[in-house]
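**Student:** Per the UniProt record's numbering, the sequence shown runs over residues 1 to 295.
Accuracy of the hints is not assured; some may be wrong.
[As the list claims (entries may be wrong)] Below 27 Å or equal to it, Euclidean Cα-Cα: the simulated DSS-like pairs (lysine-lysine) are:
no.: 1; residue 1: K10; residue 2: K82
no.: 2; residue 1: K259; residue 2: K285
no.: 3; residue 1: K17; residue 2: K259
Just so you know, these hints were derived from the structure itself, not from any lab.
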Amino acid sequence: MVDSSFTEFKLDYPEIKNHDPINPVSKSISAEHYSWKIECGYWEDDEEVALELHLSLDSQFNRFNGFCEGFLRNCLESSYVKNGVITLICGVIALPGNSIAVPATNIGDHLGSLLECPDGSDVSFVVGGETFSAHRAVLAARSSVFRAELFGSLAEATMQCITLHDIEPSTFRAMLRFMYTDRLSVELGPESFFPSAQQLQCVLAAADRYDLGRLKLMCAQKLWNMVSVETVATTLGYADMHNCPELKNRCLDFFMVGKNFTRIVVTEGYLWLMQRFPSVIDEIKAHPIEKIIYI
């Protein structure tokens with residue numbers, strides 16, 4: 001019989017900000033006759049903060065499961081901190097001791113290894129001077145656009161090498177890796193710990209172009225975590241341009257929070273939004289924002 005337990009983990013934000021990262025805040029939870037310990041650490045630099053959770057048996061020191069998520073400080077404090085508190089719901093699901101353990105799926109690792117070896121590939125793409133080898137069947141299985149291009153009546157169906165325009169090599173590489181591994185993987189700079197908003201916007205655009213709905217939502221989630229007064233207008237524009245209502249609606253709601261609107265309208269992003277997306281500006285003004293003078 002499967003045993004499970006869930007607990008509400010409230011973190012005093014001012015407290016964890018001043019807490020020693022070496023001694024994280026912890027809380028215990030019980031499941032399958034064991035006591036588990038959840039630890040939460042906090043790291044920050046000038047712009048970004050990261051919350052990291054670890055789960056371990058109270059009687060053991062090894063941590064066998066972890067989760068780390070990075071946020072821009074403005075996004076974390078405006079969206080997740082309520083009355084000085086961050087609330088997390090943490091759960092443990094324990095299988096009975098006599099069950100047969102099944103390893104986690106690793107098909108993404110196996111398919112991903114095909115990208116490292118061109119043997120067996122039957123199509124290649126030239127993007128910005130770089131050549132990428134791929135497999136028609138894999139691309140067609142993941143994308144209706146590639147299926148039409150590679151197995152339909154279009155000229156690409158008979159071409160061994162296809163040149164793509166209006167997409168950067170790094171963006172195509174991230175999209176290609178997703179199609180093989182189902183993971184979002186964006187190249188980082190030597191001093192970067194998280195993808196930039198511009199990188200994610202480019203991948204979101206490619207995901208929309210090639211009908212990769214899951215990849216588009218993965219980018220949208222990351223972009224939403226990075227939203228701030230300075231970036232929300234451009235994020236809203238990209239969400240509208242590339243048919244992502246989930247991200248667009250959240251950005252529209254962000255305009256109504258507190259004094260956000262009066263701060264957003266003086267940013268360069270809002271000027272760009274006015275010039276490129278007048279219909280979106282009309283949608284913003286149609287929202288029930290109280291005590292706002294539109295300019």
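**Student:** Confirm or reject each hint.
**Tutor:** Cross-check of the supplied hints:
For the given pair, K10 sits about 11 Å from K82 by alpha-carbon distance, which is consistent with the 27 Å threshold. Among the hinted pairs, K259 with K285 is consistent with the structure: their alpha-carbon atoms are about 15 Å apart, no more than 27 Å. Under the criterion of a C-alpha separation no larger than 27 Å, the hint pairing K17 with K259 is consistent with the structure, at around 25 Å.
In summary, this structure violates none of the numbered hints.
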